[in-house]
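Given chain E, put chain Y in place with the hints provided.
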Amino acid sequence: MSLGKLLRKVFLVDLFQGLAVTFRNQAPKNIVTEQYPAERPKVAERYRGAPRLNNNPENGETLCIACNLCALACPENLIVVGAERNEQTRRKELTTFTYDVSRCMFCGLCEDACPVDALELTQDFELASYTREGQIWDRQMLEEGPKPTQYKC
Amino acid sequence: MKAASDASMPDSTFLDSTELVLNMGPQHPSTHGVLRVILKLDGEKILGTDCVIGYLHRGVEKIAENRTWAQFNPYVDRMDYVASVSNGLGYCLAVEKLLNIEAPPRAQVVRVILTELNRIASHLVWLGTHALDIGAITPVFYCFREREETLNIFEKYCGARLTTHAFRIGGLQYQTYDGFEQDVKAFCDMFPPKVDEYEELLTGNRIWKGRLTNVGVLTADECKEYGVTGPMLRAAGVKWDLRKAQPYSGYEKYDFEIPTRQNGDTFDRYVVRMQEMRQAVRIIRQAVESIPEGPIMGKVPKVIKPPVGEAYVSIEAPKGELGYYVVSDGGVQPYRVRVRPPSFVNLQALDRMVRGGLVADIVAVIGTLDIVLGEVDR
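As you go down the protein sequences, you meet chains E and Y in turn.
When the letters of the first sequence are read in order and numbered with the working numbering, they come out as residues 9 to 161.
When the letters of the second sequence are read in order and numbered with the working numbering, they come out as residues 791 to 1168.
Treat each hint with caution, since some may be false.
A few chain Y positions that, by computed beta-carbon distances, are all more than 10 Å from chain E [claimed, not checked]: (1) LEU810; (2) PRO816; (3) ARG868; (4) GLU938; (5) LYS984; (6) VAL985; (7) LYS1014; (8) GLN1076; (9) GLU1079; (10) PRO1082; (11) ILE1086; (12) ILE1094; (13) VAL1117.
Taking lysine to any residue pairs in the SDA-like style, the calculated list, with each CA pair at most 20 Å apart, reads [to be verified]: (14) E:LYS37 <-> Y:ALA976; (15) Y:LYS1089 <-> Y:ILE891; (16) E:LYS50 <-> Y:TYR967; (17) Y:LYS1092 <-> E:PRO123; (18) E:LYS160 <-> E:GLU47.
Source of the hints: derived by calculation from the structure; they are not laboratory data.
Glycine included, every Cβ here is placed at the ideal spot set by N, Cα and C.
Only chain E is shown next, with the shape it has when bound in the complex (with noise of 0.2 Å):
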């Protein structure tokens, strides 16, 4: 053994240099594992997550104008619109909106499908449930979204 390879096993200098590798990926940079729940994930402006059924903001009325075409382009059938004739404006209008997210898998063919932008996939993702019926969500947890718990550290 030449002296120089006696001085690296004496000084150990192959473990600092392996050492060195796993403090250096220790900076911040470049730690990769995020802290959820404490810290949450930012989606994708396009994510598609929760169904939401839009509002008009200015007053409130919903934008869905009950033209069942959601229903129709969902694989899953899992869609059901409820609409009832006005009789003095002679218009459909939207009573119930029954969305079941047990069997849906978020394709999107619904939000592609809808005329008047009233259908969204959003960016809430998550959709936890205690018991299955609290899966199929009615038109008012479509219209206020869920409202998970925020878990701070």
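For chain Y alone, kept in the frame of chain E given last:
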């Protein structure tokens, strides 16, 4: 006293006999899902195998017959879920052929970029899990770190990470987002050094070489016999890549090479897939430089009703030839959709590859087959 039921007992216990039948899977971590392999063993030596598949059967082909053409599109993502973009491309191309339309040039280039990014993502999952099966734990973390970058691009582009539903029949639904080119270019710059890093960890590693060289050899003739395609065929020395042989979606415009090797063993398949990742980056670089302006959706009627007829389109998915055979009876729903999944066909060769080998080899061979059970069982 001898009980009457003892008459049905074999003369010797299984410990005395030389053959042992062992079930591997369906919950074995290295069968990549729910594959069950019944092994016939003589000690450590494999005398024969029998694959039991179907644990993940969802009847996707039958579902197609009850959905409209556009509605079936998200389901194809769920077959090979680590390469969902390729599946979507195959299905869209098949229906487009039936409708006799073509996606606009801009859509085609974006399709190529996303499909090649997905090829990288798929190969990274393969590399990580394959190395993990063999005992190298580090690569899986590195691979998933880089795969995250491709998934972020998918998420920003179409809003989903895994089952993307990125393409529509006739083109694209989503315009590229602001900064798409920069993101893709940044990935292209970031990624090749990372491949060097994986190769540094594995290629020259003695354990890695010892576990892979001359394991699961499949010669070119055997590959052709079984219909094996993709990197497995190319590792046996056959220069066959559908992107070159029958270019689709504008692949003829890009300059890239088909990596091949000669021995057809597990190590060669590893090398071929590593090279393919580098070639994919090369294609993405060329494509992202040349995204033309223009529409992203072809002239597709609102209600898709293809004329009576049938079409078969096959594309080079990360795992091999992925074919879609679609039959239309002129209605709004497909009459029949048949999928030719690469994993399913490649899995047939498992018995030939492991017979005579050791039990430990079967783990390496299942890893190198790069199967996704969602696609095998459909």
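Any of the earlier hints contradicted here, and which numbers?
Hints 3, 4 contradicted; others consistent.
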